[in-house]
Amino acid sequence: MTATRVGAWGLLLVAVAGCGDGGALWARYRAERDFWHARRMVQEMQIEPRLTTDADFGRAIVSFREIATRFPAERWAAPERLRDPVARDVAILSGDALIAIGQLEEMRGDRAAALAEYERAGRAYRAVIPVALRAALAHAAAMERSDPVQAAAEYAAIARDFPLLDPHSGEALIPVLDASFRAAAAQRQRGLAGAADSTLAALEQRALEVVPKAKGRTAAELWVRIAQARAGRLGAEPDPALEALRQALAEAGGGDFAARILLSMGEISLAAGRADSALVFARRGFDIASPSARGVIGLFEGRVWEQRGQADSAIAHYQRLAAVLPPASTPALEARLRHALLLEETGHWEQARSELRALAATAPSHPVAIAALEGIVGHHLRRGEIEFAAVESRSALEHLDRLIATYRDEDVLLRARVSRAGLLLAVGRFEAALPALVEVWERYSGTPQGIQAGVLAAQVAEGRLNDRPRALQLYRDLAVRSPDPQVQAAARAQIRRLEGGATERP
Amino acid sequence: MSPTQQLSLAWQSLLATLRSLATPALWIPWLLLGAVQVALAIVIAWFAHPAVSWFAVRLVRLIGGEEALHYPTIFRLLPALHARADLVIGAVVGALAAGAATRMFAARFTGVEARPGAELGWALRHAPALIAINLPLNLLLVGLSLGLDVVLGRPQVGTIVRQAITLVGLGGAMLLQALFLYATPLVAVSGLGIGPALASLPRAFARGAWAALSLALVAVLALLPLQQLAGLGDTLVERGTPEMMAWMTIAQASLGLVVAFVLTGSATLVYQGDVARAVEPRRPRW
Numbered sequence: 031m032t033a034t035r036v037g038a039w040g041l042l043l044v045a046v047a048g049c050g051d052g053g054a055l056w057a058r059y060r061a062e063r064d065f066w067h068a069r070r071m072v073q074e075m076q077i078e079p080r081l082t083t084d085a086d087f088g089r090a091i092v093s094f095r096e097i098a099t100r101f102p103a104e105r106w107a108a109p110e111r112l113r114d115p116v117a118r119d120v121a122i123l124s125g126d127a128l129i130a131i132g133q134l135e136e137m138r139g140d141r142a143a144a145l146a147e148y149e150r151a152g153r154a155y156r157a158v159i160p161v162a163l164r165a166a167l168a169h170a171a172a173m174e175r176s177d178p179v180q181a182a183a184e185y186a187a188i189a190r191d192f193p194l195l196d197p198h199s200g201e202a203l204i205p206v207l208d209a210s211f212r213a214a215a216a217q218r219q220r221g222l223a224g225a226a227d228s229t230l231a232a233l234e235q236r237a238l239e240v241v242p243k244a245k246g247r248t249a250a251e252l253w254v255r256i257a258q259a260r261a262g263r264l265g266a267e268p269d270p271a272l273e274a275l276r277q278a279l280a281e282a283g284g285g286d287f288a289a290r291i292l293l294s295m296g297e298i299s300l301a302a303g304r305a306d307s308a309l310v311f312a313r314r315g316f317d318i319a320s321p322s323a324r325g326v327i328g329l330f331e332g333r334v335w336e337q338r339g340q341a342d343s344a345i346a347h348y349q350r351l352a353a354v355l356p357p358a359s360t361p362a363l364e365a366r367l368r369h370a371l372l373l374e375e376t377g378h379w380e381q382a383r384s385e386l387r388a389l390a391a392t393a394p395s396h397p398v399a400i401a402a403l404e405g406i407v408g409h410h411l412r413r414g415e416i417e418f419a420a421v422e423s424r425s426a427l428e429h430l431d432r433l434i435a436t437y438r439d440e441d442v443l444l445r446a447r448v449s450r451a452g453l454l455l456a457v458g459r460f461e462a463a464l465p466a467l468v469e470v471w472e473r474y475s476g477t478p479q480g481i482q483a484g485v486l487a488a489q490v491a492e493g494r495l496n497d498r499p500r501a502l503q504l505y506r507d508l509a510v511r512s513p514d515p516q517v518q519a520a521a522r523a524q525i526r527r528l529e530g531g532a533t534e535r536p
Numbered sequence: 077m078s079p080t081q082q083l084s085l086a087w088q089s090l091l092a093t094l095r096s097l098a099t100p101a102l103w104i105p106w107l108l109l110g111a112v113q114v115a116l117a118i119v120i121a122w123f124a125h126p127a128v129s130w131f132a133v134r135l136v137r138l139i140g141g142e143e144a145l146h147y148p149t150i151f152r153l154l155p156a157l158h159a160r161a162d163l164v165i166g167a168v169v170g171a172l173a174a175g176a177a178t179r180m181f182a183a184r185f186t187g188v189e190a191r192p193g194a195e196l197g198w199a200l201r202h203a204p205a206l207i208a209i210n211l212p213l214n215l216l217l218v219g220l221s222l223g224l225d226v227v228l229g230r231p232q233v234g235t236i237v238r239q240a241i242t243l244v245g246l247g248g249a250m251l252l253q254a255l256f257l258y259a260t261p262l263v264a265v266s267g268l269g270i271g272p273a274l275a276s277l278p279r280a281f282a283r284g285a286w287a288a289l290s291l292a293l294v295a296v297l298a299l300l301p302l303q304q305l306a307g308l309g310d311t312l313v314e315r316g317t318p319e320m321m322a323w324m325t326i327a328q329a330s331l332g333l334v335v336a337f338v339l340t341g342s343a344t345l346v347y348q349g350d351v352a353r354a355v356e357p358r359r360p361r362w
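Just so you know, the sequences run in chain order A and B.
The C-terminal residue of the first sequence carries number 536 in this note's numbering, and the numbering is unbroken.
The C-terminal residue of the second sequence carries number 362 in this note's numbering, and the numbering is unbroken.
Hints are computed from structural coordinates only; laboratory data are not their basis.
Keep in mind that this is a model prediction, so the values were computed, not measured.
Hints are supplied without guarantee of correctness; some may be wrong.
[Claimed, not checked] Now the in silico label distances, taken between C-beta atoms and shown as ranges:
| # | chain 1 | residue 1 | chain 2 | residue 2 | range |
| --- | --- | --- | --- | --- | --- |
| 1 | A | Glu440 | B | Arg315 | 18 to 26 Å |
| 2 | A | Thr83 | B | Gln239 | 43 to 51 Å |
| 3 | A | Leu238 | B | Arg238 | 43 to 51 Å |
| 4 | B | Gln239 | A | Ala388 | 53 to 61 Å |
| 5 | A | Ser475 | B | Glu314 | 30 to 38 Å |
| 6 | B | Thr99 | A | Arg105 | 53 to 61 Å |
In this text, a Cβ means the ideal position worked out from N, Cα and C, and glycines have one as well.
Required output: the full structure, derived from the provided sequences and hints.
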């Protein structure tokens, strides 16, 4: 009797254990858990990137590699498996783990390894469109620094080869649409205006083919891109783009998305010289936008008043806008900055100065506060008031030094250090400006601001301080460490000039 | 009894029950309820494991929606999901545990040895009455909780109003708890059926209102820190330890059991000491 009972319970347990949904849900649970913990590791590394060691990178890479190994593409990205949405989620997580490894390799400076990981992810997960797309975009982005031409070709290939709508969810694949714009921008930068227009025309054509299949937000997203493609072409008339945006508006169904479409309609109208229409679109957008989205539209309306040459109306508008927006929000601070700068332009310097000082005191670490400090010094420099400029720059530099000493936020520190170097340059304190520029270059050599500071430092060393050895050292540093190949080439040319004893200066 | 005498009786009952905390036999009904609650937390947290997924996935989807089937969302939602599922556990298993515990406390306070097996058997046999007598309280608490969720979910509700509504909600929960404090003793100590017990409830409350209110207040105050702890969920998950939420939920349930133990014991003693006289002609024999 007891044996029979034990047997029955055993059978029940086996049945119960096997009554799941084929293990896909448990696999997704484990994949999500492991991916989440691995991503936490990366987030912790990003808090203080300079303290990140190679071992930290190694640990994070091993964690992501384990996910990709435990849930291999051969098993989870097989076409018959992808019909199950849970299994598809596992495939996406596994593919994203490979892409994350590539991003970690990029972070630690091994671009070749990163590119190899992106290629591997793209190949193994070509049936999983979100993964294949993210891998292709990551590859193109990694190529952008070293080979912009190749990167543009890759963006063009993404725009051509990937579907515009996700076959599983039916939603618009925005990065595919945006890849066309990146490719067109790169072509235009290289002087290939005709090719850029063809890329945009091809996007418009593809989008027009799929837009009848889409509805609601997806259709609206497609119409917005059609409008951008129409407006982005050389000598484009505004009406076809506006017509596409009207279609987008009809599909958007209100809310902030509709407000952003109205903003785009305003921008296109303003660019076409139709300021009155722009004003109407801006006001309609402002009325339907949520409080958090109103700021951007309000700032645009101010820009319309400025372009119409009605400074008084613009000043009154910015004042009203700053009063209705949340006081600490970026648009409110920007409205106050524009208000102050317009007051300065219209000859009300005393009012402008008190507003600029108030801004610097209200949100000391905000970019607007730093711009306000620069605005005060810039006013005196433009008027040739060197003594006043020197006094104001000393106060601004004290403010920036306080920021640098007390803040840990890397963005704040970068802005403060760049502004500090810029102010020292502007008031002609070149001996102090050089180390400030070198500091920006050494700390942020991977960013455009860092590269620009490096170039300026070399120019100041040679041109202002007559320190050719220091200039040579800085150009050598730029030639090796700058991630921008054009800057590297320019630095090598300067090295040849300085070593050859030529006198022509950059 | 005057309000002062009632408060004094409630205090003495509370102290007597606290002294009983170290009596292992009195814990048996609560440990059974605790085991079910711990199992529930584990099943919800690890719903996807093949051993439990056949029913746990449906349960999690039912009480938390499709989004709850993802990691770490399941841990973020765990206290709320557990609380929702625990309403049913509390209404059924909790009512039986309270019934058995009430009889064991009543026996102990009259000097008779508590017999866990016999009292649990009695509770099982009288399950319909024990569940039904507590059902109005459980339904009213659910209604109050849903009502608060609806009101507090409105974006236009300001911080001060929100705090005021939360306080009113706590007051309401305390009042309901006090109104039904003698419900289980009416069935388990006086042996009344569901009809007579429900009919006697207002009289019982009227007799021992001050004691009931003070004991309910102690219970609400003791459970307040647990509700604050539940608010730490997002922080715990964001700090990289989502699994801690499972331990926190189990800790919450355990502390809830201690409060239930103390409240049941105190209510039984107050009931035996004074309230029973108002609802039954003769004292029960133990």
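Comparing the hints with the structure gives:
1. Glu440/A <-> Arg315/B: 18 to 26 Å: holds (21 Å)
2. Thr83/A <-> Gln239/B: 43 to 51 Å: Cβ of Thr83/A to Cβ of Gln239/B: about 47 Å, so the range 43 to 51 Å holds.
3. Leu238/A <-> Arg238/B: 43 to 51 Å: holds (50 Å)
4. Gln239/B <-> Ala388/A: 53 to 61 Å: violated (34 Å)
5. Ser475/A <-> Glu314/B: 30 to 38 Å: holds (32 Å)
6. Thr99/B <-> Arg105/A: 53 to 61 Å: The hinted range 53 to 61 Å holds for Thr99/B and Arg105/A, with Cβ atoms some 56 Å apart.
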